[in-house]
Amino acid sequence: MVFGILKLINFAHGDVYMIGAFVGYYAARFFGLLHEPSISSFGIVLISSMFICAFLGFLIERIAYRPLRSAPRITSLITAIGISLFLEYCAQLIFGPDPKVFPQILNSVNLVQWGEVALNSYHVLIFSVSFILMVLLRFLVLKTKYGQAMRAVSEDVKVANLLGLPTNTIISLTFIMGAALAGAAGVLVGTVYPRIDPLMGIVPGIKAFSAAVIGGIGNFPGAVLGGLIMGLSEEMVAAYWSSSYRDAIAFAFLIIILLVKPSGFFGKYHPEKV
Amino acid sequence: MRRNMTVATILTNVFVSLIFVFSLGCTKKQQQSSETSKKSSQQNLETNDTILIGAVLSLTGPEATFGISTKNAIELSFEQKNKEGGVLGKKLKLITLDNQSKPEESAIAITKLITQDNVVAVLGEVASSRSIAMAPIAQSNKIPMLSTASTNPKVTELGDFIFRTSFIDPFQGPVLARFVFENLKMKKVAIFKDVKNDYSIGLSQFFKEKFVELGGQIISEQSYSAGDMDFKAQLTAIRSAKPEFVYLPGYYTDVGLILRQARELGIKVPFGGGDGWDSPKLFEIGGKATEGGYFSNHYSPEAEDPFVQSFVKEYEAKYGTVPDALAALGYDSGIIMIEALKNSKSLAGTDIRDALAKTSKIKGVTGIITFNSQRNPIKSAVIIKIEDGKQKYVTTIDPS
Amino acid sequence: MMSQPAEAILKVDNLSIAFGGLQVLMNVDFSVYSNEIVSLIGPNGAGKTTVFNIISGLYRPTSGSILFHSKNLTGMHPHRISNIGITRTFQNIRLFKDLTVLDNVIIAKHFAFCYKLLGSLFYTPAYVEEEAKAEKDALELLAVFGLAERAHDISKNLPYGEQRKLEIVRALASGVKILLLDEPAAGMNNAETSALLKLIHHIRDTFKITVLLIEHDMKLVMKISDRIIVLHHGEVIADGTPSQIRNNPHVVEAYLGNPT
Amino acid sequence: MWTYLKRQQAYLILGVFLVVLSFIHTHISPYLRQLLILSGINIILANGLNLISGITGQLSLGHAGFMAIGAYASAYLSVFVTGPESFAFLLNILAGGCLAGFFGFILGLPTLRLKGDYLAIVTLGFSEMIRVILLNMDSVGGARGLPQIPHNTDLIWTAGAVGLSLIFIYRMMKSYIGRAFLAIRENELAAQSCGINITKYKVISFTSGAFLAGIAGALFAHQLSYINPSIFGFIKSFEILIMIVLGGLGSLSGATLAAIILTFLPEALRPLQQITQIDFRMIIYSSLLIVMMLTRPSGLLGKRELWDFKIFGAFRRS
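Residue numbers (the numbering used here), protein chains in the order written: chain P, 1 to 274; chain S, 1 to 400; chain D, 1 to 260; chain X, 1 to 318.
Calculated directly from the structure, the hints in this document are not laboratory data.
Note that this is a predicted model, so its numbers are computed, not measured.
Incorrect hints may have been included.
[Claimed, not checked] Heads up, incomplete: computed chain D residues facing chain X, CB under 7 Å, no partners named:
| no. | residue |
| --- | --- |
| 1 | 88 |
| 2 | 97 |
| 3 | 99 |
| 4 | 108 |
| 5 | 111 |
| 6 | 174 |
| 7 | 177 |
Every residue, glycine too, gets a C-beta built ideally from N, C-alpha and C.
Using the sequences and the hints given, assemble the complete structure.
Structure below.
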């Protein structure tokens, strides 16, 4: 989403997600929730992580992106890489490079069991939390004043500015929301895959970027579809073909998709106006 | 006029190319000068009251966790020795350089250690890929290098100045293969390896060769990449192959997650791996899912041996965590190096090399260590079973 | 003036194009004869620029064709059309902004170079001669338009009018036979426009080329054109001399009774 | 006439430089020598990418992939086919470069019509594919890498390769081909209307850039004596991209300068780590990167070259 509005590859997004997971880890310790798995303790951890990541997002935007808004895009790209490296190495220094074990803040219960397939409380949780957040987000973007302003900025920053919209505030806000979502993702992933380490954000960062590109940059359902395609093609290749060539084949798909549809699935193809 | 001038330019071109070719001839001189520079550095050292030992380790980057536990353990061994008064009346000093977990940085770091810091010997690296990048430099400068945990047989084949503390893949892989086939009486095995990791690839290759040779069957081979989060697709494929045992030679950082997901998918057969499993983190990450797993290791921290116990205690006191296998190997590397320095005629590289080569029956945490003529340790491996969140000693397998 | 040779240099034959169901051009049919200045006019959205885009090869027509000396250009790559001798300027100026004025012109002389890459690497006589000649020609051309002094300036630093001029120089440098000008007078004041008028006549006479232009400034159009073609809703509604066009009721209607 | 003399001088300076180098390279410390060689390799890489991204304006995130192809091809030849003779080495470097160039051609032909981020992701995907394929190729060692590559690369070879590639790019820039690249970067439509076949020149630029990356990869492999696929991950591509952006996109001397600075910077920061016992070398590196980008968004030199600056006026070319 941040991507769509700022038309900017935010490689640091994956690292915000990493920080989110670590904040969750320390929040759980701080509030003494290590041994009381329950929905409420999960909620506390989730919200504190989202809150701190939102703040981090605000800082990143303020320090590194705002001054560069008018600079060439490749400059912002490099700055994003710089921030990403910075967060990674800081995390290695502060949290230590060894993987941490994310505390169990929610019990894992098999809710339904069909033969070998089980529906775990974690899956329900991930699904419901993502669903709630998505609904909230859509509401925010489509129904509120801020959402309208946001979409306006996404269409054309200059025009929005001329219309008297506080573009800086809106971009900040977008960034903050994106970061908060990344923080939530960090906690969710930490809960389900209880191993967190300072470099866990790199690969998801790249994959999220690829997904957004396949879907068509700046397109919301496109990004979701792109994510599904990336994930499914990897899983399918791993399960039925060859798990060692998994990434290669996933990327080959990606290249073929882009050759057939040069602007992704839902991207609008704008032939340059002459 | 114009034509004349171009002829001139072409002549200059030819001239420059000639110089280029000529200068290539000069490169031969290179070796002699590095020899002389080292002579002077050694004199420098004799007068000092410290002995400088270098270490190149991955203190940052994706494999930082292994580098740091190795560094901690080496420092611990040096500290203990220095408390006893050092070696030959001199204090030991460790200079550790980071390599960002990259082979090319390792090569730079070891060059700096040898030529700038004038160390007498080098410890490291953990990963074979980085040791292989370092070894030719140690060899050509005639400085002994002791790799702590590189298991690729290639490492020590690169020269007679290269030693190692850990056992090699062709030993460790077959150990578990024999155990699975002979002791557990299982014939159908699936392999799940880390495609990015040379250690994992090496172990699975030698495991496979031995297991097939014994008469067993590898019914499925799947791979993952270190750092992945979700392994369900591969595990589903393994499940449908219905193996009796799954060989998972990876590092504990991934193994814990994999075991968890395997149990969630309902795979009930035992898993097994190598010394990469050895870390208290494995139980923390994997929880109950690790129960019943087997792995080959250098030692068992649970062993009654007071030497092992005191190492575990001191390491925990100093760094706040239980040492993993890499720490144990780092500690033993420190001990071997100290012993060699004690027995060495001088601090010249060749003398330390000779002393290292004579290493025999040194008691370390990872067993009684003797170097063979290929500069690899001859030591036994233990098989460990995980029971009640603890490592339980099963059996010792001697090198054959 | 209107003595038309038998064969048209450029013939637009029955051209139609549609973008996703929107019919932009419908059976557009006209010819341009050698050494003529022809204006293409029409209200906004009439499809004038689209005609240019098709002629210069950026769009492919749905049906119909473009003939240059009875050679079919339809579907040819834009760079080949340029090499044949049809070059255009753009409504929104498209210079190579960060390069010097001189480089802008030399780039357009692209076709003139025959030496190979090796020639440049080894500094062969062919390379030296061709480069020197290209630079000399470019400077001469710039001098004709009074831009020689600014040859080494970065082109984005030129004033607006000179940027327009430079775009024309660049087109001329590429060995143009038919020059397509897309609103050359846009944003110019009266003095500049009349200078442009002279300039276009001058170009036509000295370089012996044919000019096809799109323009909204009716005063300019009426003065400059040998012939005017009027497009409305993607169709040619009139084709004739300025005086014929001025009195054409269809045209008057298309412009809501308000021609200049 | 004047330019001729200048040119002669330039060649002579280069020649003298090589002679001096051949004498001093045996006397400088091996550590410095190694860093110089590595800077040289980075200079070639950076300028190759600069040709694609800085001069022709096509954002590529896959430079490490081409480097891998060059490294593996030449190393394979050296280890399994020819052996360590200097002449064979020369041929192997060229073979590595050519194969990388060939792959650049194959990849460039269909993909260069993509723009911006889409091209970036395709090149990134390509280099990841190369890496995964190498991981699974047992004939070159797979994940265990390819050891015992003859240690042929020395300072002279590197200096020679750097010199030749810089001359290659510089001469290219001074020809109609280089001008076509610039025209494409500035405005594709206008370039087309000037009669420039943009696909052709994009492919030429991409192929040459890939060729140079292959050469650099070959030198790299014969310098380290060992390669494995993980060396050539996307992080490597980013490092090269950082060099050219830091130096100023499109600036030959800028990319060269930045390549040298960025090779030496982590080493220069080592003492700091030894004093403090905390490894924040890379934190400083990344903060410097951010600060640099904030204060000089168009890089150290922007689009200019070193000799465009007043201080270097003495060397200014006529």
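Do the hints match the structure? See the list:
Nearest Cβ of chain X to the Cβ of residue 88 of chain D: about 5 Å, under the 7 Å cut. The hint holds. At its closest, the beta carbon of residue 97 of chain D sits 6 Å from a beta carbon of chain X; the interface hint therefore holds under the 7 Å criterion. Contact between residue 99 of chain D and chain X, as hinted, is supported at the beta carbon level, the nearest pair being about 6 Å apart and thus within 7 Å. Nearest Cβ of chain X to the Cβ of residue 108 of chain D: about 4 Å, under the 7 Å cut. The hint holds.
The criterion of a C-beta within 7 Å of any C-beta in chain X is met by residue 111 of chain D, whose closest approach is roughly 5 Å, and the hint holds. With a cut of 7 Å, the hint placing residue 174 of chain D at the interface with chain X holds, because the nearest CB-to-CB distance is about 5 Å. Hint on residue 177 of chain D is violated. Least Cβ distance to chain X is approximately 12 Å, over the 7 Å limit.
This entry does not satisfy hint 7, going by the numbered hints stated previously; all others are met.
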